[in-house]
Amino acid sequence: MNSNDYILVTKELTKSFGGLVAVNRVSISVRKNSITMLMGPNGAGKTTFVNVCTGVYRPDSGKVFFDGRDITGLPPHEIYKLGFVRTFQIPIPFQSLTVLENVLAAMNSVGENPLIAVVKRRWVRVEEDMIEKAFKIMDTVGLSRFWDLPAYKLGAAQLKMLEVARALAVGAKLIALDEPIGGVDPAYANRILTYVRDLKERFDVTFLLIEHRIDIALPYVDYVYVMDRGSVVVEGTPNEVVKNPKVIEIYIGE
Amino acid sequence: MELIPPVILYILVDFSVYLIVTLSLNLEVGYAGLPQFGRVLAVLTGALVAGAIPGRLLALMYGLPYGPEYAFYEYNYKVVDTLNTILEKNPLLSITIFIFTLVLAMVLGAVIGYLTSKPAIRLREAYLGITLLAMGDVLMLITYYYTPIIGGTTGVSVVDPFRWTGGARFYVATFTLLGIALLTFLLIERLTKSPYGRVLRAMRDSELVITVYGRDIVKLRTYTLMVGAAIASLGGALYTFYTGSCIASTYTRVTWTFWPWAFMMLGGTGNNLGVMFGVLVFVIVKTLIVMYRGLLAPYVPFDPVWLEYTFVGMAIVLIAIFRPQGLIPEKPIFTIPRKKIEELIKA
Ligand SMILES: Nc1ncnc2c1ncn2[C@@H]1O[C@H](COP(=O)(O)OP(=O)(O)OP(=O)(O)O)[C@@H](O)[C@H]1O
Ligand SMILES: [Mg+2]
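These protein sequence lines are chains E and Y, in that order.
Numbering-wise (the numbering used here), the first sequence opens with residue 4 and increments by one.
Numbering-wise (the numbering used here), the second sequence opens with residue 112 and increments by one.
Hints are supplied without guarantee of correctness; some may be wrong.
Straight-line C-alpha distance at most 30 Å; calculated DSS-like pairs for lysine-lysine [as the list claims (entries may be wrong)]:
hint, chain 1, residue 1, chain 2, residue 2
1, Y, K450, Y, K304
2, Y, K457, E, K136
3, E, K156, Y, K229
4, Y, K304, E, K136
5, E, K66, E, K176
6, E, K66, E, K139
7, Y, K450, E, K156
8, Y, K397, E, K123
9, Y, K304, E, K123
10, E, K203, Y, K457
11, Y, K397, E, K156
12, Y, K229, E, K139
13, E, K123, Y, K442
14, E, K139, Y, K442
15, E, K139, Y, K451
The hints are simulated quantities; they were obtained by calculation from the structure and are not laboratory data.
This one's a predicted model, so the numbers in the text were calculated from it and none came from an experiment.
So that you can see chain E by itself, here it is in the shape it has in the complex:
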């Protein structure tokens, strides 16, 4: 295995909350330009894993490598700069910002420096380009119509889509989507996943997809890790995983 083939590699990553080991020596490798799925029942530790990888939590032990670089314990904004971004399972919109502004806020602009901000012509072109890009993404996730609504007025499914839209807007190398289609109707879910797949094919981008609904997600993914009670218990291609008796047991036992 050549480490250059992998965008994200974790080694024995562990995180506990008090006595509860939420992520227990998890070692996974996410191949570049793949859609890698992380599944597992409620409380398996999937979200905690993403939080530890993106610097929201510090791991108790273990290492995270991104694009060959040790990023263990770096703050989230530095991890973002390297090209790794994630969404939140429970949407956290910028409440008072409009849908458009939410997406724009996910991108960086030169105009965020207050000294440059006062000279409008220095950022207005960039701003227009960003707006055009934002609308393309909002079209895909079905939010264009709501572009000037403040986020607090959106419904639950729309907020999910806003999470996805923000992450896609960034142009990151690796995007971790934490249950992006949870609670979204299947037709829409398929549309989102098709778009994700399309992005993956057209650009050098990798997705770490966390999802419960295997039936919808499996056709789109290249590789699957299954977590249960903090540990990775099964890994393989989608076909291998669905046939694995352990997986069946976990999901039926649920």
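Please build the complex by placing chain Y with the ligands on the supplied structure of chain E, with the hints as guidance.
Positioned in the frame of chain E, the structure of chain Y with the ligands alone reads:
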């Protein structure tokens, strides 16, 4: 010669100075979500600059005492008197020293803002608020009891860059302040209707998410505390030049932190136009109270001197209960006009 009633001038001056200070507060509180309970610190910084520096520079130029003794009252009024007679005949020097002082006040204000940002890295919310509040009080107490800077408990007279305008002095001074206040308004509007303003509001709504999206909140907070303090300091320097004197006890947390908070809350936190409106309403009511409190004396069970404080305090409580978003609430912001955005979508 009385073109405009003095009370109107008085209101315009208060309006101008408080507009500048409250806009700076709104940038930090309304947009960035910082608990700025120490606004007075930066205002006092500007007042100190205007009170201590231009007079000393001129004294140095003209061979008068400029060291610690400049601030001692036995010398101060004489030195400043002499300097004012020089300034009276020298508009160019007056204007130069005025602009130089304002720029210096903004620079030192930014420095103070930078220093206050240091604890802001570690502290959040209430703790940061208390720290900022304490810093303001500390600087006030030091300059009130330490004589060599601005004369301690006796204060200092301040050189008058408007003296050369003679009988029109109060008009010129008032409208200069008003002009600068309106320019500040435009500057803050530009700042807040930019990607910078957007990222501040995003940080206010969720620090976690804005961090995940690549922003260093320490840097954002630092920038914002520096910009806010620079502007507040400008307000302090202008007020000092206008009044022609400077004494630390003028700069209490009540008048330069809590009042601006009340003005901002009344007008609309996170809305600059609202803030302008809030300041105007408050300043007018406050002035009327000061003018007529003598008449009210028989009807209130306490010294009517306290009426304006009571009024502002009550207003804060009532706004917080009945209209927390203020008279003109925050609205969605467009960095480029809505029309232009709609054109972009169609293309
Ligand atoms: N901040 C926290 N403090 C304490 N316990 C936590 C915290 N975050 C997660 N946990 C616990 O860690 C375990 C793993 O939670 P996590 O959210 O990572 O699971 P998950 O696989 O994402 O589940 P779901 O499918 O429900 O989203 C759970 O038992 C949860 O209660
Ligand atoms: Mg989860």
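*asked:* Does K136/E sit within 30 Å of K304/Y, going by the straight-line distance between their CA atoms?
replied: Roughly 20 Å between the alpha carbons, so the hint for K304/Y and K136/E holds.
_Hinted pair, alpha-carbon criterion (30 Å max): K139/E, K451/Y. Please report holds or violated._
Distance of about 16 Å is within 30 Å: holds.
*Does K397/Y pair with K123/E here, judged by a C-alpha cut-off of 30 Å?*
violated, 38 Å
*asked:* Please verify whether K397/Y and K156/E have alpha carbons no more than 30 Å apart.
replied: Roughly 38 Å between the alpha carbons, so the hint for K397/Y and K156/E is violated.
*Is K66/E close enough to K139/E, meaning Cα to Cα at most 30 Å?*
violated, 36 Å
*asked:* Check the hint pairing K304/Y with K123/E against an upper bound of 30 Å on the C-alpha distance.
replied: At roughly 10 Å apart (the allowed maximum being 30 Å), K123/E and K304/Y satisfy the hint.
*asked:* Would the hint linking K123/E and K442/Y be met if the CA-CA limit is 30 Å?
replied: Roughly 21 Å between the alpha carbons, so the hint for K123/E and K442/Y holds.
_With the threshold set at 30 Å, check whether the alpha-carbon distance from K139/E to K442/Y stays at or below it._
With a Cα-Cα distance of about 25 Å, the restraint between K139/E and K442/Y holds, given a limit of 30 Å.
*Under the criterion that the straight-line Cα-Cα distance not exceed 30 Å, is the pair K457/Y, K136/E satisfied?*
holds, 13 Å
*Taking 30 Å as the top limit, are the C-alpha atoms of K156/E and K229/Y close enough?*
violated, 37 Å
*Within a Cα-Cα threshold of 30 Å, do K229/Y and K139/E meet the stated pairing?*
It is violated: about 41 Å lies between the C-alpha atoms, which goes past 30 Å.
*Taking 30 Å as the top limit, are the C-alpha atoms of K450/Y and K304/Y close enough?*
holds, 15 Å
Against the hints set out earlier in the document, violations occur for numbers 3, 6, 8, 11, 12.
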